[in-house]
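**Q** Sequence:
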Amino acid sequence: MKVKTVGPANAKMFFVGEAPGKDEDLTGLPFVGYAGKTLNWLLGQAGISRAESLIGNVARERPANNKISTFFEDKQCTIPTPQLIAWMMELKAELEENQPNVIVALGSTALWALTGEKGLGKLRGYVLPCRLVPGMKVLPTYHPQAINYEWKNFFPCILDLKKAKYHSKFRELKYSTPQVVDNAPISGFIDYLKNIYEHKNDGKPISVDIETIQPGSHISTMGIAISPMFAMSTCLLKGKYPCLNENEEVEFNYWLSKVLTELPLILQNAAYDISVLNLNNHIWCKNVVMDTLIAAHVCWPELPRDLGFLGSICLDVEPWKHLSGTNNSLYNGLDCCNTYGIAEFMYKEVERLSLQENFKHEMSQIPVASMLQLQGLEVHNETQEQMIKDYKKIVADTKKLLTEIIGKDVNFASPKQLQKLLYVDLGFPVQHKRRKSKDDPLKLTTDAGALKKLASILPDNPIFKLILKHKKALKMNSFLDMKLSPDNRVHTSYNITGSSEDALGRKSFGRWSSSGSIILPFGSGNLQNIPPDARKIYRAKPGWKIIQADYIQAEAVVVGYLSGDQRLIKLFEDSFGLRSAERKAKYDIHVITAQNMFSVKEVTKEQRQIGKTIRHAANYSAGPQVLSLQLNCTTSRAKQLMDLYYQINPQLKLWHQSIQEELRKDKTLVTPMGRRHRFLERWGDELFRSSYAFKPQSTVGDLLNSSLVYLYNEYGETIDILLQLHDAIYVTCQEEMVGNTIGILRDSMLRPVLVNHRVMVIDIDFKVGDSWGEQDEVDWQDYSNSFTRQEVIDMKGVYNAEHGRSSSEH
DNA sequence: GATTTTACGTA
DNA sequence: CGTACGTAAAATCT
284 MKVKTVGPAN AKMFFVGEAP GKDEDLTGLP FVGYAGKTLN WLLGQAGISR
334 AESLIGNVAR ERPANNKIST FFEDKQCTIP TPQLIAWMME LKAELEENQP
384 NVIVALGSTA LWALTGEKGL GKLRGYVLPC RLVPGMKVLP TYHPQAINYE
434 WKNFFPCILD LKKAKYHSKF RELKYSTPQV VDNAPISGFI DYLKNIYEHK
484 NDGKPISVDI ETIQPGSHIS TMGIAISPMF AMSTCLLKGK YPCLNENEEV
534 EFNYWLSKVL TELPLILQNA AYDISVLNLN NHIWCKNVVM DTLIAAHVCW
584 PELPRDLGFL GSICLDVEPW KHLSGTNNSL YNGLDCCNTY GIAEFMYKEV
634 ERLSLQENFK HEMSQIPVAS MLQLQGLEVH NETQEQMIKD YKKIVADTKK
684 LLTEIIGKDV NFASPKQLQK LLYVDLGFPV QHKRRKSKDD PLKLTTDAGA
734 LKKLASILPD NPIFKLILKH KKALKMNSFL DMKLSPDNRV HTSYNITGSS
784 EDALGRKSFG RWSSSGSIIL PFGSGNLQNI PPDARKIYRA KPGWKIIQAD
834 YIQAEAVVVG YLSGDQRLIK LFEDSFGLRS AERKAKYDIH VITAQNMFSV
884 KEVTKEQRQI GKTIRHAANY SAGPQVLSLQ LNCTTSRAKQ LMDLYYQINP
934 QLKLWHQSIQ EELRKDKTLV TPMGRRHRFL ERWGDELFRS SYAFKPQSTV
984 GDLLNSSLVY LYNEYGETID ILLQLHDAIY VTCQEEMVGN TIGILRDSML
1034 RPVLVNHRVM VIDIDFKVGD SWGEQDEVDW QDYSNSFTRQ EVIDMKGVYN
1084 AEHGRSSSEH
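Residues are numbered in my numbering as their position in the first sequence, beginning at 1, plus a constant of 283.
Among the clues, some could well be false.
[Stated by the list, open to error] Derived BS3-like pairs: lysine-lysine, alpha-carbon spacing no greater than 30 angstroms straight-line:
no.	residue 1	residue 2
1	Lys350	Lys320
2	Lys819	Lys748
3	Lys375	Lys320
4	Lys675	Lys766
5	Lys716	Lys358
6	Lys682	Lys754
7	Lys895	Lys752
8	Lys401	Lys375
9	Lys1050	Lys1079
10	Lys755	Lys672
11	Lys754	Lys819
12	Lys748	Lys675
13	Lys683	Lys754
14	Lys675	Lys703
Worth flagging that the hints you see were computed from the coordinates, not collected in a lab.
Take the sequences, apply the hints, and build the full model.
**A** As structure tokens, then:
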């Protein structure tokens, strides 16, 4: 049935979808099925009345197989069939008749039909001129059905709809259009710098953006905006060749340094730009007041935070990202202006959400993250070469043996080839991947777990263990055999805001991530996943030591306080400040767990291991099946053990329940350090498990980063910081300075925090050695003054996120 | 040939 | 059980 457009004549908003579906086809009305329900919900969230809006589609009849491409001549969906052209004319007539103030394009087909544009992902949220009816404006966003499929898009969509609601109040398409002087001659840019410096930009910050070429991140284009409305951009490199002569370069750097050193700066991803400016221009940007990436992370941890996205949310400007290929300097200048505009928006947003403390906390991490990236980590050549040789031999030997046994050449790094070999050619029992839900389809796997299982089923066949050994050695080699910098270093980029995105949106629990540095592209990239054995290639200089300071049982301590487990809290408080031998003898948490579970005084090694595994599993709400794999026992035995554990630790289940209760309102949790996270998963076990992990992990991460910043700010001149590893800090120092350094680390890392109405102080352990991989535990008491827990609390004060928040709300 | 997705391994 | 990232191979797109 043909579907008509519905809604009151002359409505301010006109929603245009793609094509009718099954329910629309049956009723002749648009958006009445599943997608219609989603639309209603989205409109409700955005405060828009469906009854007051016009709603229709581009195509007026249901396409065969629900495929919109049937209405196009070409695969790319750019040449409409005569039928579709006729429908578009109908839409045009409806728009002209009703004269809405804003047309909301739902999905890429509507976007194309109304504006002629492709690429919804880049254009959503931006107000565009309508091509179908010139003079009208279009705001594209996701199709409701796309939100059903891609849950992460729901929040951006609501923001788009709110923006559309604002635009429905007036008819004109009025951009705030910045003035950009692009490709400025260098003399003009230097005058601009002088001028900014002289007037200090009237006390306001400037925003800076650089474009770089790889490798080496040399600056090709640089721009500075003095407000959201004016920027100048200049070209410094054309290809490989500098645009400046030597004299110009000296003068340019002189004034640039003055401006960047003395004025307050706005940047998007400051850690990158200031590192490049430091490395290549020897300029140290001291006063970064706003990193829009960090502000966006603090305010909206679930959302994308690239400039194009932030522009669509915060600004009313023309899309500009498409200029990057055609006019780099104009693009760069617009980046500057729009970063400035986004910054002004984000200042208010940080304040509106009372997240000033969190913002300051993350901003303070920029200098140390930049320093660590530029400094890198030195590799001991001889050790590296020897280890590469050893592991390469294992790879070759296992491969040779396997080829002899199997009788043909197989690439064991290819899951597909391995599947064929094991399950087809050799006919071994197939192993399936663990499923998230029973409804998910079974999938084959040849992972380590499957190979171990096969090895236990068929103990006489040596190939499983050989394959495992082969793959392990291959993997190890990737951590050893890598390109080093000219001075034998590896570099990593520490990312304060994390960076990964999954089907549900961004996750960010406040821990740093580590990835390959594009400024200094040496090493295996991530330094937070180096296996212990490969750590041996990072050695201290002769006469120096590497010290590791890590929080003891950090996450378990936080869980103890959060769940109000009095016995556990007492254990942690009683054992605070003890030498490790005494702590392990009397206050071993896993031994005590086992003692209680099995009602025994003397605990065997196995019983301690069970206690350890089960605590970890229970803290994160693992099921008996996973536990049975870890403990190598039957599922029923694992179930029995879990029940026993929960019987002895009833607080844990209560705590999990309280987390669920806390989620009920708006799926938002707040950590003891004041960090917020909104969970986007649908209500259910997956959401719960993810949220149980949030508070402990995030608290430990924030605690460690506070310590790291303190250490760098207070002792950066004297302490050589090497690495950040989530709950540990590594430094290097001369042998005779070990004691002193341990004292400083203890001073920096002991940080009392109010958790669940009690003061939590996580204790610290030290290890010292000649390399990152070979370290021995030491007692700090041998080197440093001893303070009781109470003395530490009195000296340091207690961090109270709740207090900070409530006092800033008024 | 380029880009995206999947599988895997480590903290 | 969770979070994180990187790498290689496969799969898909152009």
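**Q** Against this structure, judge whether each hint is valid.
**A** Status of the hints after comparison with the structure:
1. Lys350 - Lys320: 21 angstroms, holds
2. Lys819 - Lys748: 25 angstroms, holds
3. Lys375 - Lys320: 26 angstroms, holds
4. Lys675 - Lys766: Answer holds: Lys675 to Lys766 is near 17 angstroms, not above 30 angstroms.
5. Lys716 - Lys358: It is violated: about 36 angstroms lies between the C-alpha atoms, which goes past 30 angstroms.
6. Lys682 - Lys754: 10 angstroms, holds
7. Lys895 - Lys752: 27 angstroms, holds
8. Lys401 - Lys375: 19 angstroms, holds
9. Lys1050 - Lys1079: 24 angstroms, holds
10. Lys755 - Lys672: 15 angstroms, holds
11. Lys754 - Lys819: Roughly 20 angstroms separates the two Cα atoms, so the pair holds.
12. Lys748 - Lys675: 17 angstroms, holds
13. Lys683 - Lys754: Holds, because 13 angstroms separates the two Cα atoms, which is no more than 30 angstroms.
14. Lys675 - Lys703: Satisfied, since the Cα-Cα distance of roughly 26 angstroms is no more than 30 angstroms.
In the structure shown, a violation is registered for the earlier hint numbered 5 alone.
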